[in-house]
Amino acid sequence: NAGVTQTPKFRILKIGQSMTLQCTQDMNHNYMYWYRQDPGMGLKLIYYSVGAGITDKGEVPNGYNVSRSTTEDFPLRLELAAPSQTSVYFCASTQKEGATEAFFGQGTRLTVV
Amino acid sequence: GENVEQHPSTLSVQEGDSAVIKCTYSDSASNYFPWYKQELGKGPQLIIDIRSNVGEKKDQRIAVTLNKTAKHFSLHITETQPEDSAVYFCAASRTNAGKSTFGDGTTLTVKP
Numbered sequence: 001n002a003g004v005t006q007t008p009k010f011r012i013l014k015i016g017q018s019m020t021l022q023c024t025q026d027m028n029h030n031y032m033y034w035y036r037q038d039p040g041m042g043l044k045l046i047y048y049s050v051g052a053g054i055t056d057k058g059e060v061p062n063g064y065n066v067s068r069s070t071t072e073d074f075p076l077r078l079e080l081a082a083p084s085q086t087s088v089y090f091c092a093s094t095q096k097e098g099a100t101e102a103f104f105g106q107g108t109r110l111t112v113v
Numbered sequence: 114g115e116n117v118e119q120h121p122s123t124l125s126v127q128e129g130d131s132a133v134i135k136c137t138y139s140d141s142a143s144n145y146f147p148w149y150k151q152e153l154g155k156g157p158q159l160i161i162d163i164r165s166n167v168g169e170k171k172d173q174r175i176a177v178t179l180n181k182t183a184k185h186f187s188l189h190i191t192e193t194q195p196e197d198s199a200v201y202f203c204a205a206s207r208t209n210a211g212k213s214t215f216g217d218g219t220t221l222t223v224k225p
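Chains B and P, in that order, are what the protein sequence lines are. Quick note on the working numbering: the first sequence kicks off at 1 and runs consecutively. Quick note on the working numbering: the second sequence kicks off at 114 and runs consecutively.
Think of the hints as simulated: they come from the structure by calculation, not from any bench. Heads up, a few of these hints could be off.
To be verified - For lysine-lysine, the following BS3-like pairs were computed, each having C-alpha atoms within a straight-line distance of at most 27 Å:
| # | chain 1 | residue 1 | chain 2 | residue 2 |
| --- | --- | --- | --- | --- |
| 1 | P | K155 | B | K14 |
| 2 | P | K184 | B | K96 |
| 3 | P | K171 | P | K155 |
| 4 | P | K170 | B | K96 |
| 5 | P | K224 | B | K57 |
| 6 | P | K150 | P | K170 |
| 7 | B | K44 | B | K9 |
| 8 | B | K57 | P | K155 |
| 9 | P | K171 | P | K135 |
| 10 | P | K171 | P | K224 |
| 11 | B | K9 | P | K155 |
| 12 | B | K9 | P | K135 |
| 13 | B | K44 | P | K135 |
| 14 | P | K150 | B | K9 |
| 15 | P | K184 | B | K44 |
| 16 | P | K150 | P | K135 |
| 17 | P | K150 | P | K224 |
| 18 | B | K57 | P | K170 |
| 19 | P | K181 | B | K9 |
| 20 | P | K171 | B | K57 |
| 21 | B | K44 | P | K155 |
| 22 | P | K224 | B | K96 |
Start from the sequences, fold in the hints, and give me the full structure.
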């Protein structure tokens, strides 16, 4: 199994550009999450989804959008990129709601200049 | 909502020494406490977890203890090795919560 796969691994964006970070999992997990990790900091939840067609905001949703049209895919959209969105982004999935292991992707390192 | 505090933020030990990382949580309903290890350039990976009906759990050189009354849990690594150098995150969640709350991480450096 590939687990959780994120693309791209690295990306440089100019201020005002937009992009989509892709995330797909092959474990048939219902629950998926997007986190950002700033240098030397912990993981901040951006958005999460408890199943196809259902999404909800996390701690830091401003400037981002998500969709969940299938169980496997949970893309994160950045509109009008800003330097404050420079970070490493992690996608994760869990089998059950809460109280269970999270499986993380390898991360996407995004720089906005 | 849940709040998780993790200490220390950095920890440096000599190879062979023990390392202890502590976390406190605020939501008494939390019942699952995982620890993740993040190596450079990679995503976090689960190394050990504990549920609220257990006070201690061991896996070779790694152990986790939970004190529900005080609402804190700790990661213990014995006989540390250079390959233990990484960032460690604690987290807390509860059944039907939909999401976990993570601590800010501890950067562990094991000096050979």
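Here's how the hints hold up against the structure:
Annotation: proposed proximity of P/K155 to B/K14 holds, straight-line Cα distance about 25 Å (limit 27 Å). Pair hint P/K184 plus B/K96 holds up; C-alpha atoms about 24 Å apart against a cutoff of 27 Å. As the CA atoms of P/K171 and P/K155 are separated by approximately 25 Å, the hinted pair is consistent with the 27 Å bound. Between P/K170 and B/K96, the direct Cα distance comes to roughly 22 Å. Compliance with the 27 Å bound is thereby established for this hinted pair.
For the hint pairing P/K224 with B/K57, the CA-to-CA distance comes to about 41 Å; that exceeds 27 Å, so the pair is violated. A C-alpha spacing of about 17 Å is found between P/K150 and P/K170, which places the hinted pair at or below 27 Å, so the restraint holds. Distance restraint check for B/K44 and B/K9: the Cα-Cα separation of roughly 19 Å lies within the 27 Å cut-off, and the hinted pair is therefore satisfied. A C-alpha spacing of about 25 Å is found between B/K57 and P/K155, which places the hinted pair at or below 27 Å, so the restraint holds.
Proximity of P/K171 to P/K135 is assessed by CA-CA distance (about 16 Å); at most 27 Å being required, the pair is judged to hold. Restraint check for P/K171 and P/K224: satisfied, since their Cα atoms lie roughly 24 Å apart, inside the 27 Å limit. Distance restraint check for B/K9 and P/K155: the Cα-Cα separation of roughly 11 Å lies within the 27 Å cut-off, and the hinted pair is therefore satisfied. Annotation: proposed proximity of B/K9 to P/K135 is violated, straight-line Cα distance about 32 Å (limit 27 Å).
Taken as a hint, the B/K44 and P/K135 pair is honoured in the structure, with Cα atoms around 20 Å apart against an allowance of 27 Å. Proximity of P/K150 to B/K9 is assessed by CA-CA distance (about 20 Å); at most 27 Å being required, the pair is judged to hold. Taking the CA atoms of P/K184 and B/K44, the gap is about 22 Å. The hint holds against a cut of 27 Å. Between the alpha carbons of P/K150 and P/K135 the distance comes to roughly 14 Å, so the proposed pair stays at or under 27 Å and holds.
At roughly 18 Å between alpha-carbon atoms, P/K150 and P/K224 fall within 27 Å of each other, so this suggested pair holds. Distance check on the hinted pair: B/K57 and P/K170 sit about 34 Å apart at the alpha-carbon level, beyond 27 Å; violated. Taking the CA atoms of P/K181 and B/K9, the gap is near 40 Å; set against the 27 Å cutoff, the hint is violated. For the hint pairing P/K171 with B/K57, the CA-to-CA distance comes to about 36 Å; that exceeds 27 Å, so the pair is violated.
For the suggested pair B/K44 and P/K155, the alpha carbons sit about 17 Å apart, so the restraint of at most 27 Å is met. The hinted pair formed by P/K224 and B/K96 fails the criterion: a straight-line CA distance of about 38 Å is larger than 27 Å.
Of the hints listed earlier, those the structure fails to meet are numbers 5, 12, 18, 19, 20 and 22, in rising order.
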